[in-house]
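Student: Residue numbering for the sequence shown follows the working numbering, beginning at 542 and increasing consecutively.
Do not rely on the hints blindly, as some may be mistaken.
[Unchecked claim] Simulated pairs of lysine-lysine, DSS-like, Cα-Cα distance not exceeding 25 Å:
#1 Lys1229 <-> Lys1201
#2 Lys1229 <-> Lys1142
#3 Lys1141 <-> Lys1229
#4 Lys1355 <-> Lys1264
#5 Lys1142 <-> Lys1121
#6 Lys1121 <-> Lys961
#7 Lys748 <-> Lys1142
#8 Lys1092 <-> Lys1121
#9 Lys1121 <-> Lys1141
#10 Lys1355 <-> Lys1121
#11 Lys748 <-> Lys1355
[To be verified] Distance windows between CB atoms, simulated:
#12 Gly633 <-> Ile608: 10 to 20 Å
#13 Trp547 <-> Leu618: 52 to 62 Å
#14 Ile608 <-> Pro703: 52 to 62 Å
#15 Gly681 <-> Gly576: 32 to 42 Å
#16 Ala1232 <-> Gln1100: 18 to 28 Å
#17 Pro762 <-> Val1274: 50 to 60 Å
#18 Thr797 <-> Asp1055: 36 to 46 Å
#19 Leu1237 <-> Ala567: 36 to 46 Å
#20 Thr740 <-> Glu1015: 14 to 24 Å
#21 Ala969 <-> Gly1353: 43 to 53 Å
#22 Glu1015 <-> Thr1082: 18 to 28 Å
#23 Pro826 <-> Pro970: 16 to 26 Å
#24 Arg1258 <-> Gly1147: 17 to 27 Å
#25 Gln1100 <-> Thr740: 41 to 51 Å
Simulated from the structure, these hints should not be mistaken for laboratory data.
None of the values given here were measured: they were computed from a predicted structure.
Just so you know, even glycine gets a beta-carbon here, dropped at the ideal spot from N, CA and C.
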Amino acid sequence: MNKLSWSPVLLGTGIVIALMGLALGAGGIWLISLGGSWYYCLAGLGFLVTAYLLVIARPSALWVYAIVVAGTLLWALWEVGLDWWPLGARGGLVFLVGLFLLTPWVRRALRTEPYGIERAIPARVPAFRGAGLPLSAILGLSLVVAVASWFVDHRTIEGAAPDARAQVPPDALGVPAGEWHAYGRTGYGQRYSPLNQITPANVSNLKVAWTYRTGDIRGRPGDPEETTFQATPLKIGNRLFLCTPHQDVIALDATTGQQIWRYEPKVRGELALQHLTCRGLSYYPGDGATAAAPAAPQDGQAKPVPDLPVAAAAGAQTVPECNAKLFMPTADGRLIAINPDTGAVCASFGGGTGQINLWRNMPNVNPGAYYSTSPPVVARGVIVVGGTVLDNVSTAEQSGVIRAFDVNTGALVWNWDSGKPDVTTPIAPDETYVPNSPNSWSISSVDEDLGLIYVPLGNQPPDQWGGNRSENVERFSSSVVALDIATGQLRWVFQTVHHDLWDYDVPSQPSLIDLTIGGQNVPALVQPTKQGELYVLDRRTGQPVLPVTEKPAPQGAAQGDRTAPTQPVSALSYDPPPLKESDMWGATLFDQLACRIAFKKLRYEGRYTPPSLQGSLIYPGNFGVFNWGSVAVDPQRQIAFTTPTYLAFVSRLVPRQNDKTLYVQGSQRPEGSLPALNENFGAPFAVKLYAFTSPLGIPCQAPPWGYVAAADLTTGRIVWKHKNGTTRDAAPVPLPLPLGVPNLGGPIMTAGGVAFLSGTIDYFIRGYDVSTGRQLWEDRLPAGGQATPMTYTGADGRQYLLVVAGGHGSLGTKAGDYVIAYALPKQ
């Protein structure tokens, strides 16, 4: 007897597939209306027809779905070719649904009779005959294509770096081979060590020698989101010197990791901070030299300065005089001199206070809004200090002045303010520096033989609108400048971005290296940038060594603003190809569809698309292809070890009607005295800045997002390039997918032929063969390693590799307080 019946399996499956079809269809229609791909709408229709046929238990559902799979495969190959991760994102869900339709539970419920007529013996639709055959065949073909794509890599560049082309003394610039005297090891900022005990043959034997924990972790009251442990320690004698995010200074035994002394500067609370970090200390060996330029008065200032509630010497051990000195910049705007032997404050520095008040003569006083996050430069008897200002808070910020102080007395020797670039004599007591001038928050480099310091400069806030910028701001924003060490006078300027509207400030320390080009020795400067250029300049003149070409840029800025007609592009560039709709990515078809819709809604005309009211896609984003970690350069091979990162951001301008309303943050403004980020008080527009991600929080552009690469600095050729890092610590499910992930923190190279990097957003320190880029070794870190490693020789004669694992607040990597030393086993 016949009766109506429903198959729960088919009904449930049909409903799920119908919902998928509705989502794809509706989103697909939206995408078509924006001028995008028709695939999603057609696929949605195929899902709906399949769902209907399943509900009425017709075997033809398998035929229809086979067409959907075949169409998906052809479309995916047409868009991306044999590229596994883009292929997987397009076809993965479609493939899995097809597999489920071939399971016995579904096939047994399909019927050849009209719907509702139950047969005494259910039909069994075979998987490899009849209606099941086409679906099985296309799924098998899809699997073959997927496997084939695993062996195709369109982005890797294979090659071999040249052997040594120049001989460099191991104690170049007077730094012993086994020591590390500055952030980049020497004033040249090369991040290169002449040590060669660790080699590609033995690096896999590295083991943890000791671990030290500072006890300093983010999360204290008043901490900004970006509270980060980014320090690269110094190694002098048998001691390591480092600073913590909350500004403590620590000395360790370099061989055992035992703490020798600790100094706490008692930084003022309730600071207007966007960043709380210390990237490193500065060291003066104490040769007795003193700057000869006149010094400004240190007392009796006519302009008010903020009340610094505690002097460096208050409650601390002091010594009357220090020959050698460590210099520590603090978040409340001081520069403290410390005795490296004892941790005592050098009382004679700063007129008996042991410190310099960096707020002197500064406009727009707001404690915490200005301080030096990066170590100053010590050279020729002066210490040269820049500083960060609040980013995109207002048009009334502090000056970006660069100042030189006597290393022994703390007296002001010269000041270079890009707002008054021709006047470098010490400022009068009753004057203030030019407000809101471009600042230098990163690390400078120095060539004492040439008598020049090289300073990377940022932008005038706001970053995304420049209608009121002065002639000097236009000249110096996003530039690297060479200043005379003795006088502060400008020797040359090279601008990396004209009329910067993208926060492409110069974030990286310049690396100085002598290159052999055309048989001639050329003293060069290598300047990495956020937009992916590596400018190679003659550091004597600022003229390009590798060609720089002015190329047309997109036009059409916001009301009251303008765009530069051209932008400079180096012959050595990591600039990625412009994004296309087909470059959109996602874990599933659905978030990929959402990314395509978002892409089509945004303004995008390639690199340097101006910010807009509708929202502009900025690629590379202001996170940078390169950031403060810079690059490492090998003076013998004359190559750079680089870590390019690729992330797109969205920049959306928000018209301001007044200077009080929070247009961007609204009720989400941080508590206490923290600044209203991106509100741009005083400007016509606030700005909404955010990473271009899918609803699942995954970057919308396809991976890889991070690489390691080597470039020949004499030719501009990229020698090799490999994706780097996994999604283990960045995905909701800790799968170590080798997609290539972003990096923040610099690399180092060694004469042993091994490079090291810890800055990826997965928690590993890795070693690489400098010649080929092949990863040779890795070790799991207990927290994010967003700092630059260093290497040195211990008292036991072993070469140590030192890593700081403390995490990064805004990146969301795990916080920690670890200082970890690795070494080869004792012989």
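Student: Confirm or reject each hint.
Tutor: To see whether the hints hold, each was checked on the structure:
Proposed proximity of Lys1229 and Lys1201 is supported: the alpha carbons are some 17 Å apart, at most 25 Å. Taking the CA atoms of Lys1229 and Lys1142, the gap is near 16 Å; set against the 25 Å cutoff, the hint holds. Taking the CA atoms of Lys1141 and Lys1229, the gap is near 18 Å; set against the 25 Å cutoff, the hint holds. Straight-line distance between C-alpha atoms of Lys1355 and Lys1264 comes to about 22 Å, which keeps the hinted pair within the 25 Å bound.
For the suggested pair Lys1142 and Lys1121, the alpha carbons sit about 13 Å apart, so the restraint of at most 25 Å is met. At roughly 44 Å between alpha-carbon atoms, Lys1121 and Lys961 are farther apart than 25 Å, so this suggested pair is violated. Only pairs whose Cα atoms come within 25 Å are accepted, and Lys748 paired with Lys1142 is rejected, the gap being roughly 51 Å. About 20 Å separates the Cα atoms of Lys1092 and Lys1121, which keeps this hinted pair within 25 Å; it holds.
Of the pairs offered as hints, the one joining Lys1121 and Lys1141 holds, with about 9 Å between alpha carbons and a cut-off of 25 Å not exceeded. This hinted pair does not check out: Lys1355 and Lys1121 have alpha carbons roughly 33 Å apart, beyond 25 Å. Of the pairs offered as hints, the one joining Lys748 and Lys1355 holds, with about 22 Å between alpha carbons and a cut-off of 25 Å not exceeded. The hint said 10 to 20 Å for the Cβ distance between Gly633 and Ile608, and at roughly 18 Å that hint holds.
In this structure, Trp547 and Leu618 break the distance hint of 52 to 62 Å, their C-beta atoms being roughly 39 Å apart. Between Ile608 and Pro703 the CB atoms are about 54 Å apart, so this pair conforms to the stated range of 52 to 62 Å. Remark: the range hint 32 to 42 Å for Gly681 to Gly576 is upheld by a beta-carbon distance near 35 Å. Restraint check, Ala1232 to Gln1100: a C-beta distance of roughly 26 Å satisfies the suggested window 18 to 28 Å.
The supplied range of 50 to 60 Å is broken by Pro762 and Val1274, whose beta-carbon atoms lie about 34 Å from each other. At roughly 37 Å, the beta carbons of Thr797 and Asp1055 sit within the given window of 36 to 46 Å. Distance hint check: the CB atoms of Leu1237 and Ala567 are about 19 Å apart, inconsistent with the given range 36 to 46 Å. Taking 14 to 24 Å as the suggested C-beta distance range, the pair Thr740 and Glu1015 does not conform, at roughly 49 Å.
For the pair Ala969 and Gly1353, the supplied restraint of 43 to 53 Å holds, since their beta-carbon distance comes to about 47 Å. A hinted range of 18 to 28 Å for the beta carbons of Glu1015 and Thr1082 is consistent with their spacing of about 22 Å. Hint check: Pro826 to Pro970, Cβ distance near 32 Å, so the stated range 16 to 26 Å is violated. At about 24 Å, the CB distance of Arg1258 to Gly1147 agrees with the hint of 17 to 27 Å.
At roughly 60 Å, the beta-carbon separation of Gln1100 and Thr740 lies outside the given 41 to 51 Å, and the hint is violated.
Checked against the numbered hints above, the structure violates hints 6, 7, 10, 13, 17, 19, 20, 23, 25; every other hint is satisfied.
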